[in-house]
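A.B. asks: So you can see what is in the structure, the chains are spelled out below.
2 protein chains.
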Amino acid sequence: MNSRKLILYISSSLDGFIAGPNDDLSFLHPMQLEGEDYGYEAFVDTVDTVIVGRRTYDWVVNQGYDFPHTDKEGYILTSQPRPNQGSLTFYQGDLKELVQRLKSNNSQKHIFCDGGAEVVHQLLAAQLIDEIILSVVPVLLGAGTRLFKEGRPQQLLELLSSKSFESGLVQLHYRVK
Amino acid sequence: MNSRKLILYISSSLDGFIAGPNDDLSFLHPMQLEGEDYGYEAFVDTVDTVIVGRRTYDWVVNQGYDFPHTDKEGYILTSQPRPNQGSLTFYQGDLKELVQRLKSNNSQKHIFCDGGAEVVHQLLAAQLIDEIILSVVPVLLGAGTRLFKEGRPQQLLELLSSKSFESGLVQLHYRVK
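Chains A and B are the protein sequences, given in the same order.
Residue 83 in my numbering sits at position 83 of the first sequence, and the numbers go up by one each step.
Going from the second sequence to my numbering is simple: count from 1 and add 177.
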């Protein structure tokens, strides 16, 4: 039995926004404490493949950052063709087909969905996400980009763990049943 | 110094819905375990006044339940006049004025906002809520009534506690800064 999982690891405000208006991520700054990565590095060590939306990818690159997952197999989901770059594939095909192919692969490491909201919606709607690790940041943003859009099927969750941090962040880890 | 607080105590799915489509609350049923009230009775002992929206009130009554807070001072927020009933006032006036009057009252007990989404939105938009106790139910509803509407100011929160339960429910308690 292959147990390769697709895991959503993401942060949101208590009111469910992954960014404020105009893609503002400044609500995350107070969470950046020295020596505290909220388990991110340990999590990233368990994955070797990353799926991310084209809009999120462009945002990262346009901010002047390097795309952080170039050591992994990366799939940027897009509706516009774009040449592949190194380990990054700009993928226009069927999402379900991609995830099923990746899951049937023999790798012992998992697949990381790194957002954004549109990709999360499509993956949840197709019931392809196996685990959710949601870091709830202690703020109400009031407006912005919602993590969870409407129009998905109901899915039961199993709480695997819940951990609170000095900064007030609470990390919830669920298995999608 | 008077420290009478307005506290929102409410449940939602992980994706932020307080009810599924058609006011469906069946997602709460698996949370009803014998001998586990998630601190509800202890919380209710700390309040003597309840604010609730007219739509939520009617829903409770139309389901055939008695309104549960008749031992307390109750304010049903409504745009349509309706005769008061016992300790219940159908309130059409200014919400901020009501909450400020209640907070300046000498009672040692607090004020409970028991929903629904419209009242929560108005109270948060007016920055009148002092604490939030949110019970996150381990389910993605996919659609329904959102707890948090858009179009409010940003508000920082302080995590007071986080507690997980056998059922997978996680109760998050915040002070609004």
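No wet-lab data here; the hints were simulated from the structure.
Be a bit skeptical, because a hint or two may be false.
[Stated by the list, open to error] One-sided and incomplete, this derived list gives chain A residues near chain B with beta-carbon spacing under 8 Å:
(1) LEU156
(2) LEU157
(3) TYR174
Beta carbons: idealized from backbone N, C-alpha and C, even for Gly.
A.B. asks: Now tell me, hint by hint, if it's right for this structure.
C.D. replies: We went through each hint and held it up to the structure:
| no. | hint | verdict |
| --- | --- | --- |
| 1 | LEU156 | holds, 5 Å |
| 2 | LEU157 | holds, 4 Å |
| 3 | TYR174 | holds, 6 Å |
Of the numbered hints given earlier, the model fails none.
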